[in-house]
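*Asks:* The listed protein sequences derive, respectively, from chains A and B.
In this text, residue positions in the first sequence follow our numbering: the first is 1, and each later residue adds one.
In this text, residue positions in the second sequence follow our numbering: the first is 1, and each later residue adds one.
A portion of the hints provided could be inaccurate.
Derived contacts from chain A toward chain B, CB cut-off under 10 Å, selection only [stated by the list, open to error]: (1) Gly125; (2) Thr263; (3) Pro264; (4) Lys268; (5) Thr272; (6) His422.
Calculated directly from the structure, the hints in this document are not laboratory data.
Idealized CB from N, CA, C, for every residue including glycine.
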Amino acid sequence: MRPFRTRRTATAAAATVLATGLLVTGCGSGGGSADAAGGKVTLTVDLFGTFGFKEAGLYEEYTQLHPNVTIKQTDTQDEGQYWQTLQTKLAGGGGLADIQGLEVGRVASVVRNQADKFTDLGSLGIGGVNDGLVPWKGAAVKTADGKVLGAGTDIGPEAICFRTDLFKAAGLPTDRAELAAKWSTWQGYLELGRSYVGKAQPGNAWTDSAAGMFTAEVGQQKVRYADEGGKAVHDSNPAVKNAWQDSVTLVTDGLSAKLPQWTPEWNKAFTTGKFATLSCPAWMIGYIKGQAGQAASGTWDVAPGPGRTGNWGGSYLTVPKTAKHPKEAAQLIAWLTAKEQQAKLFTKQGSFPSSTGAQAEIKSVTDPYFNNAPIGEIFSESAANMPAQVLGTEDGVIGKAFTDALGEVERTGTAPATAWQHALDNIKKAAGN
Amino acid sequence: MATTTPPALSAGRGPEPPVPAAPAAKGRPRRSGRLAPYGFVAPFFVLFAAFGLFPLLYTAYVSLHRVELQTADRMDWLGLQNYTRLLDDPFFWKALGNTFTIGVLSTVPQLLMALGLAHLLNYRLRGRTFFRVAMLLPYATSVAAATLVFAQLFGRDYGLINWVLSSVGLHPVDWQAETWASQVGVSTIVTWRWTGYNALIYLAGMQAIPGELYESAAMDGANRWQQFRHVTIPGLRPTIVFTVVVSTIGATQLFGEPLLYEGSSRGGISHQYQTLGLYLYEQGWSFFHLGRAAAVAWVMFLLIVVLALLNAAIAARRNRTDR
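Could you put the whole structure together from the sequences, leaning on the hints where they help?
*Replies:* Next comes the structure, spelled out in structure tokens:
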């Protein structure tokens, strides 16, 4: 009798402990908004590349305004890898942060295929979050039935960043206006590159990679990989073919440092002077600062690039359906993408605002890190002429296939025609059914 | 006979196999004695059914459908189309070829080195426990950590290996973009990780070889090398067959090293070191075609079965010709 009794007591005790545990955890994770009113909330933010919120001190400012909020950010440098992980998590339904970043090349795919995996920002009370932005920015993230899936952050007006010290050493001009005139076309850019390579130290290339040039050149087109009707035109669009041809010329003339973008080798090369110029969408300003560090301050400069316009990238902030604190997440993204914060982000980090109000404010900004270059003026002018790009569902995949194929040309000496075919094969393999 | 057999067990199973003769008085314990082994082996088979067999069969089912990760709840019947598409895909054949060449490049030197190391460790060495434990260290290192370190060493512009090459006046090698160089790079990581592990297996096999064989060989005037060739190697044959089979399976499934070597599922700029495992991963988790990935998984499974049978056949044939 006794052993039986003790066992029963033990069982009862265990059950109590278990039940209490369930109650406690139930309280902890239950309904985000209910307990958030007075309690602490930790918001998780998962991003790619360099959004610059942390670097520009925006999180710090927000948590001072909202002492009950703590913000934790994770970051993947390569957007391709970030997207892959995001898709796996969306399919599995777990592991997603409260706020997930989204690149403009992926937006069409999400809007058309995965709208049900993200919270409609309208239902969180911030449906008008994109109202003050350039019109296409908000339109791209709106579903046919009027759901707003994301809040627009920056856009990517293009310019060229260059190293004044390397230019001087090779006897090239460093005056921005003079350079902008010389490389007003991509042909002029290649021409100046050839004269640079002739005079520079051996192993000192003109630019980082053919991929950078290709993406920038394609980014100047309204129609790139899909036309207005959603039909794939990547293999027939003469603009894509032209950009490919110019990038191949860049390689065959020995102007590329052959560094695949977003790799550790590429990151290291920002300090070692392996390349003298870089296709520079506005957000690259912050990336360069992060990679080259304070020691390189003053060696870099920015000038208007070929064509003086183009759009490369730019992002959105979304709240996945599985977010633990959707209300608080919505408040944070509304604040982060508001006009004032967009302006601050540009001044400190260079990410160009999509908010027209902020665009009007930052026109006179200069950046001491970049030799006091008038980055406000340069990127504003580039943004003013920017085409409203037609976005296809496979833009991200197609762009990567082409830049990968260019990497093949520059790193393994594959014949350009073969590499072009590889790109088309890869696109078929990735996108086709 | 029939009276000693509990009816519940024999029901509907036809004639019972003969049971070893036992006194009828011990009928009861025998019943539990016959059930107990099933009880003891059951956990494995239950787990295997849940985590091995079911996924295997479900994968086969998925491989006959079009399934995309973004819309994973929708399945469209395709029949064998995922498989026929594989045969048309040049990248699949490339991955198959790469798996073979990387497998040879990593397995052959690895096993030869392991054999040599085991032979050395078999001598009376001072601090040999230390050396034996040290052998296992690379195996205990995670694939990710090892690969990241090696990827740095093999770096094109700032890697240690190219630095050494150029300091002795040789051409630096692009260890990631060139076909053979990158395959050697990946194989090096595999070899580094598994050599010690195999060496310890060989060492265990060597210690089972009776010392008298060596003594009599020595008396017959055989030197160390002859002893190794004529005593050690024949004595180790079953162990060698085992390691070859295990290494072959491992090489067919090679995944972590090539994935992390450059951090992309493409296996190098022109797929030059994309293995089958990586090809599967690319289909499933870069392009999100789960149906096609499942088809690759099944092709790999069948391939491993064929390779294992082939290994067994060769081993059996060698044994027969030797006797």
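*Asks:* Next step is simple, just say for each hint if it's right about the structure.
*Replies:* To see whether the hints hold, each was checked on the structure:
1. Because the beta carbon of Gly125 of chain A sits about 28 Å from the nearest beta carbon in chain B, more than 10 Å, this interface hint is broken.
2. The closest approach between the C-beta of Thr263 of chain A and any C-beta of chain B is roughly 7 Å, which is under the 10 Å cut-off, so the hint is satisfied.
3. For Pro264 of chain A, the suggested interface contact is upheld, since its CB lies about 8 Å from the closest CB of chain B, less than 10 Å.
4. Interface hint at Lys268 of chain A: satisfied, since its Cβ lies 6 Å from the closest Cβ of chain B, which is below the 10 Å cut-off.
5. A least Cβ separation of about 8 Å between Thr272 of chain A and chain B falls short of the 10 Å threshold, and the interface hint therefore holds.
6. Against a cut-off of 10 Å between C-beta atoms, the interface hint on His422 of chain A holds, since the closest Cβ of chain B lies about 7 Å away.
In summary, the one numbered hint that this structure violates is 1.
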